[in-house]
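**Student:** Below are the chains, spelled out letter by letter.
There are 6 protein chains.
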Amino acid sequence: MVRGIYIGRFQPYHNGHHKVVEKISGEVDEMVLGIGSAGDSHTKKNPFTAGERMLMVTRAIEEFDVPSYVVQIEDLKRNSIWVSHVESISPSFDVSYSNNPLVIQLFREAGKEIRQVPMFDREVLEGAEVRRRMENEEDWQSLVPIPVKDIIEEIDGIRRIQKINESDSER
Amino acid sequence: MVRGIYIGRFQPYHNGHHKVVEKISGEVDEMVLGIGSAGDSHTKKNPFTAGERMLMVTRAIEEFDVPSYVVQIEDLKRNSIWVSHVESISPSFDVSYSNNPLVIQLFREAGKEIRQVPMFDREVLEGAEVRRRMENEEDWQSLVPIPVKDIIEEIDGIRRIQKINESDSER
Amino acid sequence: MVRGIYIGRFQPYHNGHHKVVEKISGEVDEMVLGIGSAGDSHTKKNPFTAGERMLMVTRAIEEFDVPSYVVQIEDLKRNSIWVSHVESISPSFDVSYSNNPLVIQLFREAGKEIRQVPMFDREVLEGAEVRRRMENEEDWQSLVPIPVKDIIEEIDGIRRIQKINESDSER
Amino acid sequence: MVRGIYIGRFQPYHNGHHKVVEKISGEVDEMVLGIGSAGDSHTKKNPFTAGERMLMVTRAIEEFDVPSYVVQIEDLKRNSIWVSHVESISPSFDVSYSNNPLVIQLFREAGKEIRQVPMFDREVLEGAEVRRRMENEEDWQSLVPIPVKDIIEEIDGIRRIQKINESDSER
Amino acid sequence: MVRGIYIGRFQPYHNGHHKVVEKISGEVDEMVLGIGSAGDSHTKKNPFTAGERMLMVTRAIEEFDVPSYVVQIEDLKRNSIWVSHVESISPSFDVSYSNNPLVIQLFREAGKEIRQVPMFDREVLEGAEVRRRMENEEDWQSLVPIPVKDIIEEIDGIRRIQKINESDSER
Amino acid sequence: MVRGIYIGRFQPYHNGHHKVVEKISGEVDEMVLGIGSAGDSHTKKNPFTAGERMLMVTRAIEEFDVPSYVVQIEDLKRNSIWVSHVESISPSFDVSYSNNPLVIQLFREAGKEIRQVPMFDREVLEGAEVRRRMENEEDWQSLVPIPVKDIIEEIDGIRRIQKINESDSER
Chain A
1 MVRGIYIGRF QPYHNGHHKV VEKISGEVDE MVLGIGSAGD SHTKKNPFTA
51 GERMLMVTRA IEEFDVPSYV VQIEDLKRNS IWVSHVESIS PSFDVSYSNN
101 PLVIQLFREA GKEIRQVPMF DREVLEGAEV RRRMENEEDW QSLVPIPVKD
151 IIEEIDGIRR IQKINESDSE R
Chain B
1 MVRGIYIGRF QPYHNGHHKV VEKISGEVDE MVLGIGSAGD SHTKKNPFTA
51 GERMLMVTRA IEEFDVPSYV VQIEDLKRNS IWVSHVESIS PSFDVSYSNN
101 PLVIQLFREA GKEIRQVPMF DREVLEGAEV RRRMENEEDW QSLVPIPVKD
151 IIEEIDGIRR IQKINESDSE R
Chain C
1 MVRGIYIGRF QPYHNGHHKV VEKISGEVDE MVLGIGSAGD SHTKKNPFTA
51 GERMLMVTRA IEEFDVPSYV VQIEDLKRNS IWVSHVESIS PSFDVSYSNN
101 PLVIQLFREA GKEIRQVPMF DREVLEGAEV RRRMENEEDW QSLVPIPVKD
151 IIEEIDGIRR IQKINESDSE R
Chain D
1 MVRGIYIGRF QPYHNGHHKV VEKISGEVDE MVLGIGSAGD SHTKKNPFTA
51 GERMLMVTRA IEEFDVPSYV VQIEDLKRNS IWVSHVESIS PSFDVSYSNN
101 PLVIQLFREA GKEIRQVPMF DREVLEGAEV RRRMENEEDW QSLVPIPVKD
151 IIEEIDGIRR IQKINESDSE R
Chain E
1 MVRGIYIGRF QPYHNGHHKV VEKISGEVDE MVLGIGSAGD SHTKKNPFTA
51 GERMLMVTRA IEEFDVPSYV VQIEDLKRNS IWVSHVESIS PSFDVSYSNN
101 PLVIQLFREA GKEIRQVPMF DREVLEGAEV RRRMENEEDW QSLVPIPVKD
151 IIEEIDGIRR IQKINESDSE R
Chain F
1 MVRGIYIGRF QPYHNGHHKV VEKISGEVDE MVLGIGSAGD SHTKKNPFTA
51 GERMLMVTRA IEEFDVPSYV VQIEDLKRNS IWVSHVESIS PSFDVSYSNN
101 PLVIQLFREA GKEIRQVPMF DREVLEGAEV RRRMENEEDW QSLVPIPVKD
151 IIEEIDGIRR IQKINESDSE R
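Chains as they are written, first to last, in our numbering: chain A, 1 to 171; chain B, 1 to 171; chain C, 1 to 171; chain D, 1 to 171; chain E, 1 to 171; chain F, 1 to 171.
Hints were generated in silico from the structure; no laboratory data involved. Each hint should be verified, as a subset may be incorrect.
Remember, identical chains collapse to one label, so a pair may be satisfied in a single copy or spanning two.
[Unchecked claim] With a cut-off of at most 25 Å between alpha-carbon atoms, the simulated DSS-like pairs for lysine-lysine come out as follows:
1) 44 to 112
2) 112 to 163
3) 77 to 163
4) 77 to 45
5) 163 to 149
6) 45 to 149
7) 19 to 77
8) 44 to 149
9) 23 to 77
10) 45 to 19
11) 163 to 45
12) 77 to 44
13) 112 to 149
Bound conformation, chain A alone (with noise of 0.2 Å):
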């Protein structure tokens, strides 16, 4: 039995997430998910809460039909415990997905196995362009799995992201 985690901030989860996701459900018996930066929530960069985000996950990766599990990773400011802090959330796992450097080195001192992922159609799918064309409401339907839509607008989503972006730094 392998159980492997894929870790992202998923502000929104989008297509780009999904392939990744989809590849490594068909290597892995078992997933963890887990949403990083998960307090952060109502600021340019993260608009969405963690609560918000887990329902996006979930429904998304129904689809592939692994057993998964779901887990929200707060950001610390200590970076040497953060892979420890992760294995204490999260059901043990034997095998990390990430593309970013910093997560690599991480696992990588700690000892853990690394895998890295290919990041599908990475300009265009990568969460910073699909929050631009919300808040410029452009066709940002299109880069998201359809729950993922739904949620976002049963939330009243695009709206936040607007109002947050007019935000002057004062408050």
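Starting from the known structure of chain A, arrange chains B, C, D, E and F on it as the hints suggest.
**Tutor:** Chains B, C, D, E and F only, in chain A's frame:
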């Protein structure tokens, strides 16, 4: 669509919890299971990590066949923001289930619907009794769902509980 | 110009506190009232929020007609920086009033002037007795200033205390 | 009885804030002034401590003769619980005043009444301009209420700002 | 080259610790002394600050003439990341010395070598007894190394302990 | 007996620091070396852990033959309590050495003696330049004391820096 949340420490998840979840699963369309005191582990009262408990809960509730989400809820020092904290990390919910008077009071002051659930066979099934039997190697296996038994054995949980309970207060 | 600070938990602000404040108001030009354990609420020992206590204190001390400031002081884990913390959140002060030996010791080690105040009718007036009477619906009203009684009734404080005290430790 | 809250960083409290408060004081029975980023001080953007700002605000608003409360609001990492945090440290309020889009969005999502206030003579009066003049010893005195000017001089605030701004990032 | 770590609260560092350190110094090339509960001070159980304890330990172990490092270890809420935390603040070590069952269990689960040390004359030498004698001005001096005695007298430690122990729980 | 403290981030400890320490060692009887931003590691600006830096500093300063203490100082959000925090984790000190205007201002407001030190060959020796050379595998070895060079090689520090700097902001 009605979504309900049920929060417990699940140290470990036992048959008492399981009957409550069974009952809730008949009343709602989707369930959120909230793992309380998520940051605690390796103590007499909280031996298991959040990741281990997530595994127990997920495996045990599979049989109810209701779409479910498992979230981890760390203790906050501030009771006054606890409800708001739960709302930010959980998919939105319509009704809360609890037997804990403080939880009931906090949700009530926040204007949320709360339903009290009967705790079945409370004396025997409560977590403290299960942990006591584990420490003394009495029959604890019959008090928990089978997937939970398997997980505890796999992680060598009985030994951990025995070791922790030897601990004096000098660390 | 002499400014004095007096720190208490004020759970709730009662006639014992009120007599101390009256005495201090005759010795200084301006007063700072520090609400201790500001982050705590909805517990047996700390039922009221910092905001509720701020309301009680402000209303009650109006009659003394001395310019006053009310600050909220959260508990710190580190006693060694507590005095410095108080100094950063309060308007600067010349003298501290307290009956608590730890507070007295901390201010003394920091080289600050500290004055001990007699606690009037301590047994009857102390907070624990007021809270006990509230829980049992005995006469608590006569132990607090009238504005405090009004606020507690307005926020349904008696019910909260009764509910909290039913709470077991299972949250 | 209507109680309104107005939140700002007040670094320092200046005539722009003062006109807003004057306007609010005509619309409510009681005011809460919330000092934002309360934990910050001795930085370029936040030179004054929460205690110093409490002194400025309290002295300056005395002239409006409306019962007022001054609370200190520390920054939270979690935007999603910020409204709940404010509610726990403030006397309960009916309406919030703000010009900050994020604050407006957070209160709106929490279902609270929010009123936008015009910011008078924004360019000249905003805090950044006041702090710039302080650093360069240009006329800042005319941009703040007289009691604020007195406090800043008493605490040697100009020198602090000049020293802080020399600071490189090596601490 | 073998480096070993020994962790204690050292409240204060006494002859029981000293004999353990002496024994360790004969087994390793370099030692790390970890001051536990580093953030605590001015309490009955933890009267001395981390800085004061660093002074005691450093002065006392000079006689063993083994290269040594003294690190301060704050308590974490999460036991599950404690080993990783210690590793990030200490020079890397090969073996850990402890008598505490929890510490032993945590290091063992992390796959680290751990050696149990006999605690010499435990009843008389343990910290609680030393602190009790200090409070009652009985002979505590003979239970600690001479440099520790000197430091405690220099910082007026006996008076602090006596004052703290008068403290009721009302702060 | 005069004890002096010198605080730096020491990322890594280089010849510029070393000359300052040499000068200080001639002016005091005992030294405290304070490792700033102790919680940070594995970032572009702060690649090394507190434990690794403690090793570098301790080994490098051995040659000065002055009794020394190395303490780790985590960043605080509150500048206003920073001096008090340093005092609680360090053996008591009489004089502070710094070139940082903020540190100088904070110590001065706290009424402590502060001495400014010349930074030798600042442009070449500052940490940013050392880290830049490490990343590009230019000559960094000549900018640090020999024991520091050995430690960095032993922990494979160059590779860590190179990997971290590849990191995008998506973790």
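**Student:** Compare the structure with the hints numbered earlier in the document and write down the numbers of the violated ones, lowest to highest.
**Tutor:** 7, 9 and 13
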